[in-house]
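A.B. asks: Generate coordinates for the entire structure from the input sequences, incorporating the hints supplied.
There are 2 protein chains.
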Amino acid sequence: MKLGIVFGGVSYEHEISIVSAIAMKDVINAEFVYIFLDQNRDFYHIPTQIIKSKLFSSGEYKKCEKVSLKKSGFYTQGGFLSKEKLLDMDLVLNIMHGADGEDGVIASLFEFNNISYIGPRREACSVSFNKFLTKGYASSIGVKTIDYKYFTKNDKIEIDEYPVIIKPVRLGSSIGVTIVNNTQELEYALDVAFEFDDAIIVEPFIKGIKEYNLAGCKIAGEFNFSIIEEPQKADFLDFDKKYLDFSRTSKALKADISEELQEEIKKNFKAIYNTLFDGAIIRCDFFVKDNEVYLNEINPVPGSMANYLFSNFDEIIKNLATSLPKTRKITINYEYVNKIQASKGK
Amino acid sequence: MKLGIVFGGVSYEHEISIVSAIAMKDVINAEFVYIFLDQNRDFYHIPTQIIKSKLFSSGEYKKCEKVSLKKSGFYTQGGFLSKEKLLDMDLVLNIMHGADGEDGVIASLFEFNNISYIGPRREACSVSFNKFLTKGYASSIGVKTIDYKYFTKNDKIEIDEYPVIIKPVRLGSSIGVTIVNNTQELEYALDVAFEFDDAIIVEPFIKGIKEYNLAGCKIAGEFNFSIIEEPQKADFLDFDKKYLDFSRTSKALKADISEELQEEIKKNFKAIYNTLFDGAIIRCDFFVKDNEVYLNEINPVPGSMANYLFSNFDEIIKNLATSLPKTRKITINYEYVNKIQASKGK
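Respectively, the protein sequence lines represent chains G and V.
For the first sequence, full-length UniProt numbering assigns the number 1 to the initial residue and increments by one for each residue that follows.
For the second sequence, full-length UniProt numbering assigns the number 1 to the initial residue and increments by one for each residue that follows.
Worth double-checking, as some hints may not be accurate.
[Stated by the list, open to error] Simulated pairs of lysine to any residue, SDA-like, Cα-Cα distance not exceeding 25 Å:
| no. | chain 1 | residue 1 | chain 2 | residue 2 |
| --- | --- | --- | --- | --- |
| 1 | G | 149 | V | 52 |
| 2 | G | 83 | V | 42 |
| 3 | G | 71 | V | 80 |
| 4 | V | 66 | G | 113 |
| 5 | G | 85 | V | 323 |
| 6 | G | 270 | G | 285 |
| 7 | V | 52 | G | 331 |
| 8 | G | 62 | V | 84 |
| 9 | G | 289 | G | 321 |
| 10 | V | 251 | V | 270 |
| 11 | V | 52 | G | 335 |
| 12 | G | 270 | V | 158 |
| 13 | V | 270 | G | 139 |
| 14 | V | 153 | G | 222 |
| 15 | G | 153 | V | 322 |
| 16 | G | 62 | V | 72 |
| 17 | G | 156 | V | 323 |
| 18 | G | 329 | V | 72 |
| 19 | G | 66 | V | 323 |
| 20 | G | 339 | V | 25 |
| 21 | V | 339 | G | 178 |
| 22 | V | 144 | G | 147 |
| 23 | V | 153 | G | 141 |
| 24 | V | 66 | G | 82 |
| 25 | V | 2 | V | 27 |
| 26 | V | 156 | G | 222 |
| 27 | V | 70 | G | 40 |
| 28 | G | 70 | V | 88 |
| 29 | V | 326 | G | 335 |
| 30 | G | 329 | G | 72 |
| 31 | G | 85 | V | 70 |
It should be emphasised that the hints constitute simulated quantities derived from the structure, not laboratory data.
C.D. replies: Take a look at the structure:
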């Protein structure tokens, strides 16, 4: 399999995407075609044998070949004496976290250019990237979430009971997220959150709530699940800790929970994934309180693709590659324009 | 103002987009740069003086200049003796209905390429293009919708009470929509709907329910509303009738309803638009039953931009053009990669 890996992107998670992408070499057995999207939105083809994180931080990647995303794939630039050339790959794995990768931009570019890819489709991105839309989606599929209030920039914000957790609606990886213990801390936390977004959600902060992560995907109509992990963490993972997490390739430990709770978590995952996330390997992070399961967040491009949760990650990728959603063919025949012209006698 | 008009697209509403786009010439006072997206996903620059619907149905548009969407705009193709050239325009009006225009594809392409445009952003597209997501969104902002059931392709479908209306979740303009009066009619209606989509919603069909349409947008934080129209229609508008509607440039009549109901409709519109639809002129179609307002659908690229509902459409476009949402600048400084390299002693 010739697997394109698209990574980088104009996102606060640009760097963790690089780390995730490099980790793929160790967990998938394939011929890789690494495509880096830099902060100027230029694509570069990075030879697999030279890839390392320093290549990007130093700017050296600019010596690699620039490529363009066009119909059916990535093309090298033609020149005076050379013709542009299509890079050979069977499909692409989207491993851009945050903006560009998880917000639907790259999904749209792939769809527009007819590129086959593993990754979340556009609507899946919208309902997972925006925490407010996640709440609405969860509610309409019968999945519980923690109570919340939604505010936009000029709303009057009143908090009934502390502590609360304040989150910009659109960023991943805890960026702009603050736990607020009292009124004195509120203003600064709001300033931080609104610096990143026009809209926020406020949730009660429940100290010590149990968290469980489950990854999976649907292949030929059947769900393929990872183990359920209880992530080790402080109050909440800050960016540094999450960052280190993204380079994980060693296996995780299965959470010690009842069969019943495992089934309940899987039931929630299935409802979330349904058909909207077809084509993607996602990781859902759940809270459990008083034996009830609550969705915390959906990661449609999870850190290092959550490979460490699967015993057969390589196989999952290869099988999913053969089971990607198809785009329906739309035929345009100008029936209506012709009808109107006929009725006008033209 | 030099106004790009992007129209066409790979969509069941390709043809009505052409009609809508041509209508803009009569209702906006600007210098137009018409950009057509054909069914092969090629862009063409169509000179304003020759534009007419027959140009497209006949295939003659292919004689016009092919252009490419790249950073900052549309470029003519360079050749052996000519250099590629950026088409001069101040901003773009997205007037593609249905797929490509209302589903977030073109919004992503514009965002990726840093193009200023009037039209719905990606998340706004997802929650309006997919009727199931519309229901979830409406519910989370406190806007009522008609009761519904959601089914995906392999679900067992049981109907408690007829008549019902069956809708594929993703298509606009009544395509694939059927009113079903009894069990005998059900199977065919489901076949039709599932031909267009993997997911459907089923609603009770309420004959003679009142419908009211309101268009508007937010400019510099203030809402600008059209009149409220009660559209004239049969049980529901079929594609032919809607099609003719899309070329409308004559003014509509204001619905004869109480001030109170008008305010209630506007209140619902504001909750829907909030910040998610910033940058777009949208038309919301509401039902009213027992004096309660229900959202039927959100049209984020309404037919002929709903110009016929405004007394000052030209002014609205020009003011909105100066009040488009800005993209937040994301700076990438490789802080984390550098930190890790330092800790590794490399």
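A.B. asks: If you check each hint against the structure, which ones fail?
C.D. replies: 1, 5, 9, 18, 19, 29
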